[in-house]
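Protein chains: 2
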Amino acid sequence: MKKTILTISLAVLMAGAPCTAQTQSAVVEDFKPSSVNQPGKEFPQVNSEGRVRVQISAPEAKLVQLDISAVKYDLKKDEKGVWTGESAPQDEGFHYYQLNIDGASVPDPGSLYFYGASRWGSGIEIPAKDQDFYALKNVPHGQVREHIYFSKVNNSMRRCFVYTPPDYELNTQKRYPVLYLQHGGGEDETGWSSQGRAGLIMDNLIAEGKATPFIIVMDNGTWRMPERPRPVAQQAPQQAGERPAGPWPPEGWADGFKKTLLEDIIPMVDGNYRTVADPQHRAMAGLSMGGMQTRAITLANPEAFSYMGMFSGGSVSPEDLAGSPAFKEKMKLVFITFGSRELENRRAGFGGDPKENTEKLKATGMNAHFYVSPLTAHEWQTWRRSFYQFAQLVFKN
Amino acid sequence: MKKTILTISLAVLMAGAPCTAQTQSAVVEDFKPSSVNQPGKEFPQVNSEGRVRVQISAPEAKLVQLDISAVKYDLKKDEKGVWTGESAPQDEGFHYYQLNIDGASVPDPGSLYFYGASRWGSGIEIPAKDQDFYALKNVPHGQVREHIYFSKVNNSMRRCFVYTPPDYELNTQKRYPVLYLQHGGGEDETGWSSQGRAGLIMDNLIAEGKATPFIIVMDNGTWRMPERPRPVAQQAPQQAGERPAGPWPPEGWADGFKKTLLEDIIPMVDGNYRTVADPQHRAMAGLSMGGMQTRAITLANPEAFSYMGMFSGGSVSPEDLAGSPAFKEKMKLVFITFGSRELENRRAGFGGDPKENTEKLKATGMNAHFYVSPLTAHEWQTWRRSFYQFAQLVFKN
Chain A
1 MKKTILTISL
11 AVLMAGAPCT
21 AQTQSAVVED
31 FKPSSVNQPG
41 KEFPQVNSEG
51 RVRVQISAPE
61 AKLVQLDISA
71 VKYDLKKDEK
81 GVWTGESAPQ
91 DEGFHYYQLN
101 IDGASVPDPG
111 SLYFYGASRW
121 GSGIEIPAKD
131 QDFYALKNVP
141 HGQVREHIYF
151 SKVNNSMRRC
161 FVYTPPDYEL
171 NTQKRYPVLY
181 LQHGGGEDET
191 GWSSQGRAGL
201 IMDNLIAEGK
211 ATPFIIVMDN
221 GTWRMPERPR
231 PVAQQAPQQA
241 GERPAGPWPP
251 EGWADGFKKT
261 LLEDIIPMVD
271 GNYRTVADPQ
281 HRAMAGLSMG
291 GMQTRAITLA
301 NPEAFSYMGM
311 FSGGSVSPED
321 LAGSPAFKEK
331 MKLVFITFGS
341 RELENRRAGF
351 GGDPKENTEK
361 LKATGMNAHF
371 YVSPLTAHEW
381 QTWRRSFYQF
391 AQLVFKN
Chain B
1 MKKTILTISL
11 AVLMAGAPCT
21 AQTQSAVVED
31 FKPSSVNQPG
41 KEFPQVNSEG
51 RVRVQISAPE
61 AKLVQLDISA
71 VKYDLKKDEK
81 GVWTGESAPQ
91 DEGFHYYQLN
101 IDGASVPDPG
111 SLYFYGASRW
121 GSGIEIPAKD
131 QDFYALKNVP
141 HGQVREHIYF
151 SKVNNSMRRC
161 FVYTPPDYEL
171 NTQKRYPVLY
181 LQHGGGEDET
191 GWSSQGRAGL
201 IMDNLIAEGK
211 ATPFIIVMDN
221 GTWRMPERPR
231 PVAQQAPQQA
241 GERPAGPWPP
251 EGWADGFKKT
261 LLEDIIPMVD
271 GNYRTVADPQ
281 HRAMAGLSMG
291 GMQTRAITLA
301 NPEAFSYMGM
311 FSGGSVSPED
321 LAGSPAFKEK
331 MKLVFITFGS
341 RELENRRAGF
351 GGDPKENTEK
361 LKATGMNAHF
371 YVSPLTAHEW
381 QTWRRSFYQF
391 AQLVFKN
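Protein sequence lines correspond, in order, to chains A and B. Positions 1 to 397 (my numbering) are the ones given, in order, by the first sequence. Positions 1 to 397 (my numbering) are the ones given, in order, by the second sequence.
This is chain A alone, in the form it adopts within the complex (with noise of 0.2 Å):
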């Protein structure tokens, strides 16, 4: 501490000085290896402060930086090329981030790779108060499954990821309800149980009794897919989820993965898994862009569903009510979210302020819930909490 605050003093006396603010700020020497690093490797490293140091090998490079939520940190090089440097104190939770070499954009060899921002890249976790709930625990597990399969609706061979709760392969005969889960734009089917921790959440909370326990499937909802089509023999399983063929969007930006989902996934999952196959024991939820398609689908289908949750995704006006007088029959329940910095930077504009639109839908007589992640943007940490609360409600009326 006494350190510290000497660096302080130092940093103030400097003030004057041209100087980056991140080369003379104060920095807190207790930076432990990220715990989403490779095997073995040392750096990234986040501190106390919730700042990142990154660290790399490039003897010949003119100029290294760490680029992390949308800031470049310019690193330095010691006497035998190796860079280091740190970015300013981050939020909580989970970070994408790649390094800048000479004006290449790559991902840092030290740590695990996430699809992100449309691409594998680099990933960091500054832990956070409220970590125990996505922890990795000695609890019974439940089983993450990679399910490929043929979509008529695409005529395409498509993946996605399938939970299911720790006592499915035991109790054969029980069935589940199932949560069709949605990542973000630039995400993909691999977010919500990699980044996302969904599966050890759902451990967790069924481990302490806090959660019905369900089957979620985890799609591919992205709409604008590659422009190169490639036959079914060389694709890897990586490359599921095509665009149809035919006028694109057809009906709108959201209806391309409403026809797989209806079509496709759902009648797979009810025809693969022990599901109880109808609409009340079906929910729908998404981050981003997957919250925004919950919305269209559940408003335009809700036929087909009962629960609802939006993470960081806008909301459900009484406009939309009258718009679909069934929505409001039949989803017996509405859960929408946002970070406490989406809502300062007001980011949370999708149709209208969304905790007001969530009062009106309760006064309505709905079981509506609004959610909001403290002191997080729109990010991980967000929606790892706002998948922690709406799974304890959901499927429980």
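Each hint can be trusted.
Copies of the same chain look alike in the list, so a pair counts if it fits in one copy or across any two.
Straight-line alpha carbon distances no greater than 25 Å define the calculated DSS-like cross-link-like pairs of lysine-lysine that follow:
hint : residue 1 : residue 2
1    : LYS62     : LYS72
2    : LYS77     : LYS62
3    : LYS80     : LYS62
4    : LYS137    : LYS259
5    : LYS152    : LYS137
6    : LYS396    : LYS360
7    : LYS332    : LYS396
8    : LYS332    : LYS210
Source of the hints: derived by calculation from the structure; they are not laboratory data.
Starting from the known structure of chain A, arrange chain B on it as the hints suggest.
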């Protein structure tokens, strides 16, 4: 074709000038994006000769190289700062590679990532004449499940992947034999289903009636684990597989994984999946280090298995039989393989000539097979082909 010949002639004429092989040799201009690129990425590309062409924007860089198959190829920069270049022709199949940017070794941001050489890094597919056997096709598909469990032997959470055949969920009375299938050194439990395509190979074999459907368990056999222990609560599921406490290796280098396999993994699998839980329906196979582990474990515990395969991992000699009489009695299949280039390079020197050893086993009356993958080295195409052959023989006698 004319263009190619012309380029070759120019290269011959210019042979006296100082130049590097990769910049002046004939390059056939029919490059296509690799089948394991990230969605929408145009590079890396592969041409009909098997050359790999990479491209990356790095306007300020002095030197950018493609590093593949232990050779570094210099790229060339255009006026926009985009670097492009290609390798010599590569063998058919999958290869790990990386980029070097001013001395920094990083993954190519265009490719998907695979765990090998003790890191998550870039991979590329050189289309193979026989690629049909591991292609993604519209046939019934099994599932690959991420299974998290607690290991008493290691006192930690671990992760494995479990392949269940296409009819596993539909035919819920049926029980299946189990293959324990191990990766190589510097690889992990993701290798066989990702770059190894074990699930797709099985799906295709089962669809053609060429293999007995079986369960495959792919765990982490790494015996030199990262030094840094982590509390369970901070472990990502990717970090499973901890080094046990006490002296290491306790009796020999394969024994750490042997204890985990026999005491934790096999009982866990028999307790959670519909296996035929006896040694007559249990096999072990592996590649390289995983093959050496298979050899050590099945020779030491022949009562636990009935089939074994070693892919590029040595062989079983008559001396081994003398030291393990029960192995000769119990083992219904011994399957030894190598890539032809491994034999050329005499890499196959693990304890005597593998072909000769296998013929000696045959002469004793054992069901021993020796397979050579044409024109491949110590790489995944050898192991895909080895598994394809092995899967058609195992659990059949």
